[in-house]
Every structure is written in C-alpha cells, then in structure tokens.
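There are 6 protein chains.
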Amino acid sequence: MENIELIPNNTLLTSTPEEGRQLAVKMARLIIKLTQPDEIERKKQRLLYAGDPIMLLQIGKIVAMEFATVAKANNYWIK
Amino acid sequence: MENIELIPNNTLLTSTPEEGRQLAVKMARLIIKLTQPDEIERKKQRLLYAGDPIMLLQIGKIVAMEFATVAKANNYWIK
Amino acid sequence: MENIELIPNNTLLTSTPEEGRQLAVKMARLIIKLTQPDEIERKKQRLLYAGDPIMLLQIGKIVAMEFATVAKANNYWIK
Amino acid sequence: MENIELIPNNTLLTSTPEEGRQLAVKMARLIIKLTQPDEIERKKQRLLYAGDPIMLLQIGKIVAMEFATVAKANNYWIK
Amino acid sequence: MENIELIPNNTLLTSTPEEGRQLAVKMARLIIKLTQPDEIERKKQRLLYAGDPIMLLQIGKIVAMEFATVAKANNYWIK
Amino acid sequence: MENIELIPNNTLLTSTPEEGRQLAVKMARLIIKLTQPDEIERKKQRLLYAGDPIMLLQIGKIVAMEFATVAKANNYWIK
Chain V
1 MENIELIPNN TLLTSTPEEG RQLAVKMARL IIKLTQPDEI ERKKQRLLYA GDPIMLLQIG
61 KIVAMEFATV AKANNYWIK
Chain C
80 MENIELIPNN TLLTSTPEEG RQLAVKMARL IIKLTQPDEI ERKKQRLLYA GDPIMLLQIG
140 KIVAMEFATV AKANNYWIK
Chain Y
159 MENIELIPNN TLLTSTPEEG RQLAVKMARL IIKLTQPDEI ERKKQRLLYA GDPIMLLQIG
219 KIVAMEFATV AKANNYWIK
Chain F
238 MENIELIPNN TLLTSTPEEG RQLAVKMARL IIKLTQPDEI ERKKQRLLYA GDPIMLLQIG
298 KIVAMEFATV AKANNYWIK
Chain B
317 MENIELIPNN TLLTSTPEEG RQLAVKMARL IIKLTQPDEI ERKKQRLLYA GDPIMLLQIG
377 KIVAMEFATV AKANNYWIK
Chain H
396 MENIELIPNN TLLTSTPEEG RQLAVKMARL IIKLTQPDEI ERKKQRLLYA GDPIMLLQIG
456 KIVAMEFATV AKANNYWIK
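Chains as they are written, first to last, in our numbering: chain V, 1 to 79; chain C, 80 to 158; chain Y, 159 to 237; chain F, 238 to 316; chain B, 317 to 395; chain H, 396 to 474.
Please keep in mind that the hints were generated in silico from the structure rather than gathered at the bench. It is possible that part of the hints are untrue.
As the list claims (entries may be wrong) - In silico BS3-like cross-links for lysine-lysine, where the CA-CA straight-line distance does not exceed 30 Å:
no.: 1; chain 1: F; residue 1: 309; chain 2: C; residue 2: 151
no.: 2; chain 1: C; residue 1: 105; chain 2: V; residue 2: 33
no.: 3; chain 1: V; residue 1: 26; chain 2: H; residue 2: 467
no.: 4; chain 1: F; residue 1: 316; chain 2: C; residue 2: 151
no.: 5; chain 1: C; residue 1: 105; chain 2: Y; residue 2: 191
no.: 6; chain 1: F; residue 1: 263; chain 2: B; residue 2: 388
no.: 7; chain 1: B; residue 1: 342; chain 2: H; residue 2: 438
no.: 8; chain 1: Y; residue 1: 230; chain 2: F; residue 2: 263
no.: 9; chain 1: Y; residue 1: 230; chain 2: F; residue 2: 270
no.: 10; chain 1: F; residue 1: 263; chain 2: B; residue 2: 359
no.: 11; chain 1: C; residue 1: 122; chain 2: C; residue 2: 112
no.: 12; chain 1: C; residue 1: 122; chain 2: Y; residue 2: 191
no.: 13; chain 1: C; residue 1: 123; chain 2: C; residue 2: 105
no.: 14; chain 1: H; residue 1: 438; chain 2: H; residue 2: 428
no.: 15; chain 1: Y; residue 1: 237; chain 2: Y; residue 2: 184
Claimed, not checked - Okay, the calculated beta carbon distance ranges per label pair:
no.: 16; chain 1: F; residue 1: 240; chain 2: C; residue 2: 88; range: 37 to 47 Å
no.: 17; chain 1: H; residue 1: 400; chain 2: C; residue 2: 116; range: 40 to 50 Å
no.: 18; chain 1: V; residue 1: 13; chain 2: H; residue 2: 403; range: 23 to 33 Å
no.: 19; chain 1: Y; residue 1: 195; chain 2: H; residue 2: 434; range: 48 to 58 Å
no.: 20; chain 1: F; residue 1: 281; chain 2: V; residue 2: 15; range: 50 to 60 Å
no.: 21; chain 1: H; residue 1: 447; chain 2: B; residue 2: 363; range: 16 to 26 Å
no.: 22; chain 1: Y; residue 1: 195; chain 2: B; residue 2: 329; range: 40 to 50 Å
no.: 23; chain 1: B; residue 1: 353; chain 2: F; residue 2: 276; range: 17 to 27 Å
no.: 24; chain 1: C; residue 1: 158; chain 2: B; residue 2: 363; range: 53 to 63 Å
no.: 25; chain 1: F; residue 1: 246; chain 2: Y; residue 2: 233; range: 12 to 22 Å
no.: 26; chain 1: V; residue 1: 37; chain 2: C; residue 2: 89; range: 28 to 38 Å
no.: 27; chain 1: B; residue 1: 355; chain 2: C; residue 2: 89; range: 48 to 58 Å
no.: 28; chain 1: C; residue 1: 89; chain 2: F; residue 2: 316; range: 37 to 47 Å
No residue lacks a Cβ here, since even glycine has one placed at the ideal position from N, Cα and C.
Whenever a hint applies, use it, and build me the whole structure from the sequences.
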C-alpha cells in the first residue's frame, strides 16, 4: 500500500479525550490523503468542504465513527 | 492542529443523560468549527441546515453517533 | 445551549422495548427541534419527509442508531 | 406518539437468526409507517424503492443497523 | 413476510473470517432481493452498481455493517 | 460467490494498529473489487474518487467502520 503512515505513532492510546479526538480527526484525514496523495488537490478540496454544509456534515460523521473506536480503545479515559 | 478545544473540559463524563446529549451536540458542532473556523460562514450554514430537511437529518445522525460514545463512556448513567 | 430538553425525563431507562423505541424516536425528533426551533417550519418539513422516500429512509437510520444506544442502556430489556 | 406498535410483541428476543432478521426488517418498516401512515402512499414508495438502486441500498443499511441491535439482544443466538 | 431466507443456514456462525465476510455479503444481497424480488431487475441494477462509484461505496458500507455483526457473533474467530 | 479472497490471510488479527488500519483499507477495496471485478474500470473510478470530495468522504466512512471491527478483534492492540 502507498507508504503513508495511517495511524500516527502506531497506537490508539492517548492520555486524554482531547488527544483522542485529535487522533480521530488525523486518522480521518490520513485516509483522504491515502486516496488523494496530491496535497494541492487536497487543499482545494478542504476549501470546498469548508463551504459546503453537506460535506461538513459528512466529515462530522467520519470523525464520530473514528472517535468511537479511539474512545473504546482508551476505555473512555476512565481512571 | 488548529487550536480549537474539541472536547469541552477534556472529559466524556457527565452527571446526567441530558448533559451527555448536550455534550454530543457540542462535540459535533466543534468538528464543524474545526473544518470551518469562520463564525459568520458557520451562522450562514446553520440557517441553511435549519431549512433543509436532508441536512437536518444528517445532523441527527452525527449526534446519534457521538451520543452512543458518550453514553457508553458514562455506562448509560446507571447508578 | 438553546433550552430544549433533549432526553425526556433525563433517563435512557424504559420498562419495555416499545417504550425504548418511542424514546429513540423522540430523541431523534428533539435534535431536529434543536436545530429548527420553528414548529411551523418543522411541520412543513415533516410533510416533506413523509412524501420523500430518501428522507424517510434517513429517519429510519437515525432511529436505528438512537435505538441501539437505548437498547444497550436497558440491557435489551432482558430480565 | 401516533399509536403504531413499533416493536412487534414488545420484545427483541427471537428464537433464531432468521426470525431476528425478519424482526429487524419489520422494525425498519414500522418507522417508515410511523412517519408515513398512509398505506397507499407507502405502497407507491415501495415500488420506487424497488426500482431505485440507491434507495435499495439505504434500506440495506437500516436493516443492517437494526439487525446489529437485535443480534446483540439475542447474544447472537449462541446456545 | 415474503418467504425469502434472509440468513443462509439460519446461523451467524462460520468457521473463518473469509466465510464470515461472504455471509455478510450474502446477507446484504438478500435484503435487496427481499425489496426487489425480480431477478432480471436486480441483474440490471447490479450492472448499475458496478459502474457507479457512489453506489459501490454504499455497498461497501452495508457489508462493513453486516460484517461487524457477524464478526462479533463469531468472537472475531479468536481460538 | 465470485472467488475473490475478501479477508487477506483469512484473519482479522494484526500485530499493530497500523497493520490493522491497512487491513481495513484492503477489506474495503476488496468489496469494491467483488462488485466491480474489472480492474481498468476500478482504476478509472479511483481517479474519480480522488477528485471528488463527497466520494473521498464516503471512503473515509467505510474504512472507519471496517477499522472499528478490526480494532475490536485485536482488543485495540493493548498488551
């Protein structure tokens, strides 16, 4: 597979929910990068996303799904 | 990453389902803010959402997904 | 947040699956109300939903997701 | 809420996966009935669904979600 | 309900992940068959699916959801 | 069923999250291959995906769902 690191630091474990949420966002973005490696194209598309409510909502869904996995992996950061 | 706090108070734990539901709504909104930092643009889009049944339903899906994670983190607020 | 009660009676616990399903429907509707507070506008949209198969199916998805959470919270009403 | 029984026999428990799958289909259909009580209108829409690949796929998603909940409630019918 | 067997062999248990994945695909296809019993119509639609990236991706989502249920039922085939 | 291997090495177990993520991507791609066996057609479609933000986001959703299953199968790679 195209050699893009898909899971930063190769772990789902983070110390806080905030870090976990940011990991979920990164994971979602890296899949977009995997399918569209051209950074200029991706920047153009991000502007499209930002201005299109339907696309914004699609991003929200992906992050929600990725975060569900990250949160479970971290046992919801319950000490 | 753009320095927007994505998880208010950096915790998924709330004292009641109602607070958990509101957290889920906030989490969904903060991802939209992350992708579209311009508040005026976001306000315009919210008017679009409110008037468009398909978009309203997309918001419903995101909140349902985020709430599933928050509810699980709080063990469904079962005492 | 706009002061709409998002979780009726602030609990996910119900005595039967039927009540749990109805709670899931209410939870989905309350998120639509949160985003579109205008009741007349919502009534107009409900007529749109009822006549549009794609929108009907989107409602089905949201209820399925909310019900998954409510059912789990009630341990599937297994005595 | 409109008095339509949303969960046949008010239980998620079935004796086999096949019955569980059929329950999931019924649950999905009852939500459509809840939003569109007019049977003639629903029959018209079912013809639309049957002829439209995108709508067929949306039904597939709803049934998959409802079945995930029913299967979990029945502990995957593992004896 | 139309007498189509929706769960082949009335079980979610398979001996390997590969069989589990194929079961998930069959389960997804059987719901399409339930809604569109006409085989010629379904074959026409499959050609449509195969040529339409958006529809292909919708199929991917359904299979992913069904497989999540099948995999859980088989405890991820962990011996 | 068309004899395409849908789960590489017939296992969901991987040694790291990165490998698990790549497996999730492969699983998603193999379902597209199952529905559209023609490689030239698939390559054309991949170019479409890469240039279309909505399709890119749909891929993100599928990978997120498949990864949720793979991560759970590997107990989130927690030692």
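For each hint, the structure was consulted:
With a CA separation close to 15 Å, the supplied pair residue 309 of chain F and residue 151 of chain C stays within the 30 Å bound. Restraint check for residue 105 of chain C and residue 33 of chain V: the C-alpha separation of about 27 Å stays at or below 30 Å, so the hint holds. Taking the CA atoms of residue 26 of chain V and residue 467 of chain H, the gap is near 20 Å; set against the 30 Å cutoff, the hint holds. In summary, the hint linking residue 316 of chain F to residue 151 of chain C is supported, as the alpha carbons are separated by about 27 Å, within the 30 Å threshold.
Taking the CA atoms of residue 105 of chain C and residue 191 of chain Y, the gap is about 16 Å. The hint holds against a cut of 30 Å. Pair hint residue 263 of chain F plus residue 388 of chain B holds up; C-alpha atoms about 23 Å apart against a cutoff of 30 Å. For a cut-off of 30 Å, the pair hint linking residue 342 of chain B to residue 438 of chain H stands: about 26 Å separates their Cα positions. Restraint check: the Cα-Cα separation between residue 230 of chain Y and residue 263 of chain F comes to about 20 Å, which is no more than 30 Å; the hinted pair holds.
The hinted pair formed by residue 230 of chain Y and residue 270 of chain F meets the criterion: a straight-line CA distance of about 24 Å does not exceed 30 Å. Taken as a hint, the residue 263 of chain F and residue 359 of chain B pair is honoured in the structure, with Cα atoms around 26 Å apart against an allowance of 30 Å. Straight-line distance between C-alpha atoms of residue 122 of chain C and residue 112 of chain C comes to about 11 Å, which keeps the hinted pair within the 30 Å bound. Taking the CA atoms of residue 122 of chain C and residue 191 of chain Y, the gap is near 17 Å; set against the 30 Å cutoff, the hint holds.
For a cut-off of 30 Å, the pair hint linking residue 123 of chain C to residue 105 of chain C stands: about 18 Å separates their Cα positions. Simply put, residue 438 of chain H and residue 428 of chain H have alpha-carbon atoms about 11 Å apart, close enough for the 30 Å limit, and the pair holds. For the given pair, residue 237 of chain Y sits about 25 Å from residue 184 of chain Y by alpha-carbon distance, which is consistent with the 30 Å threshold. Taking 37 to 47 Å as the suggested C-beta distance range, the pair residue 240 of chain F and residue 88 of chain C conforms, at roughly 42 Å.
The given range of 40 to 50 Å is respected by residue 400 of chain H and residue 116 of chain C, whose C-beta atoms sit roughly 44 Å from each other. For residue 13 of chain V and residue 403 of chain H, the hinted distance range of 23 to 33 Å is satisfied, since their beta carbons lie about 25 Å from each other. At roughly 52 Å, the beta carbons of residue 195 of chain Y and residue 434 of chain H sit within the given window of 48 to 58 Å. Distance hint for residue 281 of chain F and residue 15 of chain V: a CB-CB separation of about 55 Å, consistent with the stated range 50 to 60 Å.
Our hint of 16 to 26 Å for residue 447 of chain H and residue 363 of chain B holds, since their Cβ atoms are close to 21 Å apart. The hint said 40 to 50 Å for the Cβ distance between residue 195 of chain Y and residue 329 of chain B, and at roughly 49 Å that hint holds. As the Cβ distance of residue 353 of chain B to residue 276 of chain F is approximately 20 Å, the hint placing it in 17 to 27 Å holds. The hinted range of 53 to 63 Å is satisfied by residue 158 of chain C and residue 363 of chain B, whose Cβ atoms lie roughly 56 Å apart.
Roughly 18 Å separates the CB atoms of residue 246 of chain F and residue 233 of chain Y, a value that falls within the hinted 12 to 22 Å. For the hinted restraint 28 to 38 Å between residue 37 of chain V and residue 89 of chain C, the CB-CB distance of approximately 33 Å keeps it satisfied. For residue 355 of chain B and residue 89 of chain C, the hinted distance range of 48 to 58 Å is satisfied, since their beta carbons lie about 55 Å from each other. Checked against the hint of 37 to 47 Å, the C-beta distance between residue 89 of chain C and residue 316 of chain F comes to roughly 45 Å, which is consistent with it.
The structure agrees with every numbered hint stated previously.
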